[in-house]
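Chains as they are written, first to last, in our numbering: chain G, 1 to 905; chain W, 906 to 1810.
Honestly, I wouldn't trust all of these hints.
Below, simulated BS3-like cross-link-like pairs (lysine-lysine); rule was C-alpha separation at most 27 Å, straight line [claimed, not checked]:
# : chain 1 : residue 1 : chain 2 : residue 2
1 : G       : K752      : W       : K1727
2 : W       : K1690     : G       : K876
3 : G       : K822      : W       : K1690
4 : W       : K1353     : G       : K663
5 : G       : K240      : G       : K152
6 : W       : K1480     : W       : K1762
7 : G       : K876      : W       : K1753
8 : G       : K60       : W       : K1568
9 : W       : K1669     : W       : K1690
Now the in silico label distances, taken between C-beta atoms and shown as ranges [unchecked claim]:
#  : chain 1 : residue 1 : chain 2 : residue 2 : range
10 : W       : E1696     : G       : Y594      : 38 to 44 Å
11 : W       : E1505     : G       : E506      : 56 to 62 Å
12 : G       : G161      : W       : P1566     : 56 to 62 Å
13 : W       : D1151     : G       : N247      : 45 to 51 Å
14 : G       : T613      : W       : N1148     : 41 to 47 Å
15 : W       : P1609     : G       : A159      : 48 to 54 Å
16 : W       : K965      : G       : S674      : 48 to 54 Å
17 : W       : D1545     : G       : D676      : 56 to 62 Å
18 : W       : E1505     : G       : I241      : 44 to 50 Å
19 : W       : D1545     : G       : G161      : 57 to 63 Å
20 : G       : T613      : W       : K1455     : 49 to 55 Å
Bear in mind the hints are in silico, worked out from the structure with no lab data behind them.
Cβ coordinates follow ideal geometry from the N, Cα and C atoms, glycine included.
There are 2 protein chains.
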Amino acid sequence: MSKRVYFFGNGKADGKADMKNLLGGKGANLAEMSSLGIPVPAGFTISTEACNEYYALGGKFPDGLEREVVDCMAMVEQAMGKKYGDPENPLLISVRSGARASMPGMMETVLNVGLTSKTIPGVIKRTGGNERFVWDAYRRLMMMYSDVVMEKAAGLEPADGMGVRQQLDRLLHEEKARRGHTSDTELTAAELKNLCEVFRKRIKEVLGKDFPDDAKEQLWGGIGAVFQSWNGRRAVAYRKIENIPDNWGTAVNVQSMVFGNLGDTSATGVAFTRNPATGENIFFGEWLINAQGEDVVAGIRTPNPVNKKSKTAEQEAEGVKSLEEAMPAAYQQLHGIQSKLESHFRDMQDIEFTIEDGKLYLLQTRTGKRTGTAALNMAMDMLDEKLIDEREAILRVKPSQLDELLHPIIDPGAEKNLKPVAKGLPAGPGGACGQVVFTAAEAVEARKRGKKVILVREETNPEDIEGMRAAEGILTARGGMTSHAALVARGWGKCCIVGAGALHVEGKLLEVGGKQFKEGDWMSLNGTRGYVYEGQVPLMNASENPRFQKFMKMADSFRTMGVRTNADTADDSRKAREFGAEGIGLFRTEHMFYGKGSQEPLFFLRKMILSQTLEERQKALQELFPFVKRDVKATMEVMDGLPVTFRLLDPPLHEFVPQSPDKQADLAKALGISVDDIKKRGEDLHESNPMMGHRGVRLGITYPEVSEMQIRAILEGAAELIQAGKKAIPEIMIPVTCEVNELRTQKVLVDKVLAEVKQKTGVKEIPLKYGTMIEIPRACLLGDKMAESAEFFSFGTNDLTQMTYGFSRDDIGGFLPDYLDKKILDADPFQTIDQAGVGQLMKMAVEKGRATRKDLKVGICGEQGGDPASVEFCFKTGLTYVSCSPFRVPIARLAAAQAAVQAKA
Amino acid sequence: MSKRVYFFGNGKADGKADMKNLLGGKGANLAEMSSLGIPVPAGFTISTEACNEYYALGGKFPDGLEREVVDCMAMVEQAMGKKYGDPENPLLISVRSGARASMPGMMETVLNVGLTSKTIPGVIKRTGGNERFVWDAYRRLMMMYSDVVMEKAAGLEPADGMGVRQQLDRLLHEEKARRGHTSDTELTAAELKNLCEVFRKRIKEVLGKDFPDDAKEQLWGGIGAVFQSWNGRRAVAYRKIENIPDNWGTAVNVQSMVFGNLGDTSATGVAFTRNPATGENIFFGEWLINAQGEDVVAGIRTPNPVNKKSKTAEQEAEGVKSLEEAMPAAYQQLHGIQSKLESHFRDMQDIEFTIEDGKLYLLQTRTGKRTGTAALNMAMDMLDEKLIDEREAILRVKPSQLDELLHPIIDPGAEKNLKPVAKGLPAGPGGACGQVVFTAAEAVEARKRGKKVILVREETNPEDIEGMRAAEGILTARGGMTSHAALVARGWGKCCIVGAGALHVEGKLLEVGGKQFKEGDWMSLNGTRGYVYEGQVPLMNASENPRFQKFMKMADSFRTMGVRTNADTADDSRKAREFGAEGIGLFRTEHMFYGKGSQEPLFFLRKMILSQTLEERQKALQELFPFVKRDVKATMEVMDGLPVTFRLLDPPLHEFVPQSPDKQADLAKALGISVDDIKKRGEDLHESNPMMGHRGVRLGITYPEVSEMQIRAILEGAAELIQAGKKAIPEIMIPVTCEVNELRTQKVLVDKVLAEVKQKTGVKEIPLKYGTMIEIPRACLLGDKMAESAEFFSFGTNDLTQMTYGFSRDDIGGFLPDYLDKKILDADPFQTIDQAGVGQLMKMAVEKGRATRKDLKVGICGEQGGDPASVEFCFKTGLTYVSCSPFRVPIARLAAAQAAVQAKA
């Protein structure tokens, strides 16, 4: 077995930054910092491989681990000049998780480990007789350890939520109340010591075991609990959302404790080398005097800014003191370190520090999470600063983060006339508008019902994670910019305001500034400024930022794969063109059939469907024709010079026949036929499995006149635009094909109509392409045949996924959640292309198709066309273009650019 | 361009028997006969390639064809000592179609070509002044030529069915009526000559063109018409039924006319070297004195038997004269020739002959169609005669013909007490029982509505082909054993009685022996004896024939692929075992859930489905358990020593919830819950596309307790049988899988239950196999993964075809007929495996699966498992076994044996 435990400290380290897979992010970076000569409390990291071994052994430590831990502990003791478990000069340690990917707050930590009846006197002595500090540290250890190690890791957590932690919390509150204290800090040493005795008894009562009074037992209990927490409920839920594999495991960091709560010369804080919300190149952070790190992260006290520059006007007015002002020497040292770290890692760092009695320690550094706006700004700034090159800059913004840049902000015009009902910290930028809910569960429920909600909480905790995901925006009364809510929301690019102290949340009522919000009341948030508004404030888009445009242009210069859009109207097409679409990959003709009146397209379509004879049908088609031509022409006009792929009628006809008796009666009257005729036709058209029924090209085969009408509309529209000096480039796409003869049959119609249109209009050349959706497995299997007729393929990955899995998308609600929960599938294949199955068919289709027709154009127009992982797959598979909804065009452009950059790396 | 025209005659020939693809069956065999020294009227064959050229040129003769025809005609003239178009000694010719595969009556023929005002006097002279004969020949030419060449080939056929042929027919009838004649033969030379004038005028009136009086024009008109008739409506319909490719084309045989109607020294006939209905080794045939061949085939006159042996008792009693008796010399020559032909071709021959003024000519020989019974008997006889070897014998029976051997006959016990209402010729053996219909269209309609019908016709013609197909049995008043109805019915192995002269059919009423049958009345046929019965006579099976058993045993000795059956009950299993099934490939557990009472399986299943909680569901499952165990155990007991593959619950649950309000109310009462609960649960379970919904393993994932109950029933049943000394070999098959994790999840249950059952029963070893249906494309694509868990695969080709094509089998009615009509698909992929698409996936699955698990067993249990072409494909793809319905087991056994024989050839 290879090495399992890695020492760091004293300017040395066994590990380094690129060993994140083995040591976790935190451990690898602690090692790197130590090697760089940055002061870190000495410690050691137990590898992620050891965690996997632990699970493989059914929850037992592997042989040999103890020996390595003992050896490393000796090195730590030497570096810190203290000895773990020693009565005279005892070393205290923290035991923390540290996975490859950051999972903030999702796993467990135990601090102050090593405090026992044997070591407490020694610590008191070494802290200059600070008894209050020591008993406070001990009660914290008892609260954490009994919860994390003795209860959760042992699987004893009760279903009613009243676990040992909650009970000890209650005892603490009762003690404060009895003594008339309002905050923890008012508790005296004697009171705390007494409280520890009360805790000890309660722990024994609740868990049936004594609180361990042995340093070694505490150490191993902590290590085991961190391993266990990798498979805790929260961690598993988070991994599912973030797509983090279960077999990565967590490392364990055992590190000397340093205390930010040793009095007013001590402090603790969290900082970012640049502003994570805006990207501004200003050292940015928060600190608390006389506090432990958990106080900052948990959002229990509202922290202060680290420096003058990042103070808000209000903070300035309130006389809030920055670290720069309060402890200038430590701040200068910290500033130097942060600068060194950013240069070293060539990216924005998120750091944790503690000042123990005036001495600065760095506890952590990692690449900081950031909003999309910040990611963009930092990438462009660092490029300007020559810290990174263009390729790296392109890779610095996650395609999914662009969403945020494209997503709404509060309309500034509307906002300037409004007075916020409350102000808080701008934790997640952008705007949000929704109905108030007060619990995560309600947020999830409301979202399922299609509602937009704002989740309002006193403070959030990791249990709220799914509700936060479901909400449009998050608002909390407490917490700082680095609190749980802020970190999570920023990671998702979600609008979030934290620490809005004026809020009073009681049950399902929010009171603020004399106003009341009940569940369901509307509220709007400006997450960029931290302002809360009553009611529905209009939102608007933020995509016209010139820096965004420049970034995208740079990305496009590396991109080799085309990006088109799925659009069915001139308006959508215009918008997509603004977003950079290089053509329309999917124009769904059925979306043209709308309207309620008896002179609108839907009416004529229905008339066509309800025709009894070919003659009646042809008459209805003639009436429908001008509408279709008008719409297809308008779109080609907008896309002037870019190709427009028209998919012929796709859905089964019964979808257009009204179902309700009222509507059937109206239609019967308008058409002058009987309701029974309509019902009967509806029944005739009814199918057991319409997804695999009479639709797509199958309609074109049985009703060639319907295809012909559409083809004529497209070609006449194109010819007229060409006559008017425009560049119309129509592409006719046949849906739901499984056999080349389907394509050949429809091609006869295309050729016939093309000749007629040329004849009629005198236009000599219409640059038409003829192709097919590839959305049926057989079409992939026979791609060589299909390409004999088709000049292009466009993957309809929605249907292709349905057929390949045998999953009806409308019906997966009954089992897909179980499939994801039980890990039968890693991901929803309708969100991201299933590369192993559907992807295999796609590869076959591309290879076979190009074997027949070397210059075959191949695109994708399913919804996965805008999913970054799917875009990357499409690039690797050699697709000519991806096509997605207008809003996702920039995302696809960036994903395609990144795929190209990485392919050349 | 290669040679297009092939001469034969005078003991010589350009072609030979193995050139059927080029010369058609008739042409190739005429050449072969000529080379063998058998007297055939000289002629030449225009190749099928020329036919394809003709179509490729848009209906024009290729350059150079005329030259070759002229050259060959000269050789014919020399052979026959006559000259085409010559006034003195004119040669008359026939122009006939001749495709690779026999298509009886589906294409056109023109006889007596070359009769013109210039040649008629010469023919009269050469026939010794037989004016009547010549004018009769001329009126026949006019009737055929005006219909076939001038009207049909020109596309002038009127929709009302009153074409030129019908009009001339009517004129002929009117002429007879006017003269007081009852048959054509009573018409005098003068009357016929006059009729020809009447015909000439009517043809001009109807078609606007003169009847051609030029021999050359007649010749080329005839050739073109035969080419055209390849794409005639009837021919196309027949090819569709018989799966004959469109691009085979037809050859044209131009042959000297010889006349069987030159008086009482002339005759014509059709014969088989053995009896085509029973297989008996007796020269068997029919002849007509003073007649042309069309008179025999068309069934207008009832012909006589060729020899004494094949006379029926009635014919004997009626004093019917055989050819053997009437023309002993010609008969002896014919007998020698037929014997030579059978030895030469080593198979039963179907021959046409004409005796012109005492001189015998063979007009055609071909391998004769035969019933399944005859095929079996001939194969076994010829094997005994050492004419063929075992391999050839096995190939001599079409697997689909076995159907007929397995299909019902009239129960002899019931029959002996019945008196037939009529007797006819036993044209197609076996029994049939159905409701009378009088038109082909009604037969097709009734069949669609699920009715069994007997098609009763005065005589059938090629237009009736689809109705004949749809009927259980066919009964005609006219025609002989070689009439159209007889040939077609025998080809299909369909029960058929022809020439039942006592029948009087008028409109929709059949009168016979004083009884009347109206549409819908029941009738039964014994096609083996030619007896017609009133009402429904019981039918029984005919599979216990020892010769059949011997043949199948011989086939099995060559067969390498296993054959199992799909059976869900002990009774079906027993039957399948009798039919030779080597195990059960598919036991559908859902078929166990039946019964109306509140203590029957279906009730408990519904109770389970309607359970609100896991506890309720488990209780219902416990109640269901004993029924399931009883049924699976009974089947394993029957299959003692053979494997039984149990597929776990497959259909979506909603299929089991009653839909009608009455039934819902009953169920609610029985379960003690509200109707609303049932309705609500039904709605919850409703799916848009249930075929791709919550079914198969997806149920097992969400309700593992349902899988567990079934697994326990199977394993406990097996263990108890083993305890009782039986050999139970259960195989558990998981349906609708698309991902190996599904299999792994269910395997955990299997392992758990297996351990529990062993513990409970003390049985140490249960020989269990665990595997999966492969019916979702993704499972094929990931066959390597699936085989990590599965020990066997079984292709569910029904669903696999649905998903591969995106065709819902329940909904294809809307478009599949169009797809077949328009030749977009060659065949219904649910009937025979689509080798290009579905087959490709199957190959992938087999190759990938065996790459992971070398000894992976692979079977098929979709309905195509009993389709001979699919069985052959499965053999080639390396499947371990096919599984099909009990009735198709012998068919699959034979198909598999034939595949093995052919693979070694």
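Hints, verified against the model:
1. K752(G) to K1727(W): This hinted pair holds, its Cα atoms lying about 18 Å apart.
2. K1690(W) to K876(G): Judged against 27 Å, a Cα distance of about 23 Å means the pair holds.
3. K822(G) to K1690(W): holds (18 Å)
4. K1353(W) to K663(G): violated (34 Å)
5. K240(G) to K152(G): holds (21 Å)
6. K1480(W) to K1762(W): holds (25 Å)
7. K876(G) to K1753(W): holds (23 Å)
8. K60(G) to K1568(W): Distance ~58 Å between K60(G) and K1568(W) Cα, so the pair is violated.
9. K1669(W) to K1690(W): violated (30 Å)
10. E1696(W) to Y594(G): 38 to 44 Å: violated (55 Å)
11. E1505(W) to E506(G): 56 to 62 Å: Hint holds: Cβ distance 58 Å, inside 56 to 62 Å.
12. G161(G) to P1566(W): 56 to 62 Å: Since G161(G) and P1566(W) have Cβ atoms about 45 Å apart, the given range 56 to 62 Å is violated.
13. D1151(W) to N247(G): 45 to 51 Å: About 58 Å separates the Cβ atoms of D1151(W) and N247(G), which means 45 to 51 Å is violated.
14. T613(G) to N1148(W): 41 to 47 Å: violated (33 Å)
15. P1609(W) to A159(G): 48 to 54 Å: violated (22 Å)
16. K965(W) to S674(G): 48 to 54 Å: For K965(W) and S674(G) the Cβ distance comes to about 53 Å; the hint holds.
17. D1545(W) to D676(G): 56 to 62 Å: About 59 Å separates the Cβ atoms of D1545(W) and D676(G), which means 56 to 62 Å holds.
18. E1505(W) to I241(G): 44 to 50 Å: Distance hint for E1505(W), I241(G) holds at roughly 47 Å.
19. D1545(W) to G161(G): 57 to 63 Å: holds (58 Å)
20. T613(G) to K1455(W): 49 to 55 Å: Hint violated: Cβ distance 60 Å, outside 49 to 55 Å.
Hints 4, 8, 9, 10, 12, 13, 14, 15, 20 from the list above are not met by this structure, while the remaining hints are.
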